[in-house]
Amino acid sequence: MSKEPIGCGRPTGAVVGESAVPETAQNENQTEEQKMVTAKVGAKAPDFVAPAYYRGEFTEVKLSDFLGKWVLLCFYPGDFTFV
Amino acid sequence: MSAVAANYDTLQKLGVEVISISVDSQFVHKVWNDQELSKMAGRDVPFHMASDGPGNVGRVYGVYDEQAGIELRGRFIIDPDGIIQAMEVLTPPVGRKLDETIRQVKAFQHVRASKGTEACPAGWEPGKKTLKPGPDLVANVWKEWNPKEDS
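Residue numbers (numbering that gives the first Met the number 0), protein chains in the order written: chain A, 0 to 82; chain B, 0 to 150.
No wet-lab data here; the hints were simulated from the structure. Ideal placement from N, C-alpha and C gives every residue a C-beta, glycine not left out. Treat the hints with care, since some could be wrong.
[Said to hold, decoys possible] Among chain A residues calculated to face chain B with C-beta under 10 Å, some are:
no.	residue
1	G16
2	P45
3	V60
4	G67
5	L71
6	V82
[Claimed, not checked] If you want a taste of the chain B side facing chain A, the calculated C-beta under 8 Å gives, among others:
no.	residue
7	Q25
8	E35
9	V93
Using the sequences provided together with the hints, build the complete structure.
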């Protein structure tokens, strides 16, 4: 995998374990958003890459790197909020 | 997130990796860990704290609030095959209950270990009765399982 600088959080456009470019021909009329897979219970999770803070280091985290393990993915409103 | 950090050992024993994610930068995550979370959890946050400033990841998971520019409390349990087995989404003012997440993880792990031959009825906890779906169980759940004992 090529080493890219840490960018912003971004979905790869694929589900975990699959290539970001599907084999089916890209429809030119589709917008970027329409091509994105969305999360559905019972289906493969949309893969993503995001910058992260992890044990004292700034790094990147990629969901598909955790294939083979159980993952708890938790979104929350913001750091320093009260709940 | 402090509750998850404080109970991280329980999740590790279950083989669960945690990723937290919000619109805050990784730099703010560090300060939040250093100044507050580590004091609440009694330890440094042991999992990846991911940053999703533009909300791109939150959008594909259906939890990004465009009006407020924040992410709702979306919790996803993803199995080793990458399949989302459970999700829960709360608006900001109410926090999650980690015990319920752990219960669900244990139940999904039990089902997976049984290769889908067993199912966990409402309120199931480890050690309680599971159901074995099949022709003999049709219309006979009432003989096998009492909902009053499992609430």
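Do the hints match the structure? See the list:
Among the interface hints, the one on G16 of chain A holds; its C-beta lies about 5 Å from the nearest C-beta in chain B, closer than the 10 Å criterion. Interface restraint check: P45 of chain A against chain B, minimum CB-CB distance 4 Å, threshold 10 Å, status holds. Using the Cβ-Cβ criterion of 10 Å, the hint placing V60 of chain A at the interface with chain B is satisfied: the shortest such distance is roughly 4 Å. Annotation: interface hint on G67 of chain A holds; nearest CB of chain B at approximately 5 Å, less than 10 Å.
Because the beta carbon of L71 of chain A sits about 5 Å from the nearest beta carbon in chain B, less than 10 Å, this interface hint is met. The interface hint given for V82 of chain A is met, as the beta carbon of that residue sits about 4 Å from the closest beta carbon of chain B, less than 10 Å. Taking 8 Å as the C-beta contact cut-off toward chain A, the hint placing Q25 of chain B at the interface holds, the least distance being around 4 Å. Hint status for E35 of chain B: holds, given a least beta-carbon distance of 7 Å to chain A, under 8 Å.
Restraint check, V93 of chain B versus chain A: the minimum CB separation of about 7 Å is within 8 Å; hint holds.
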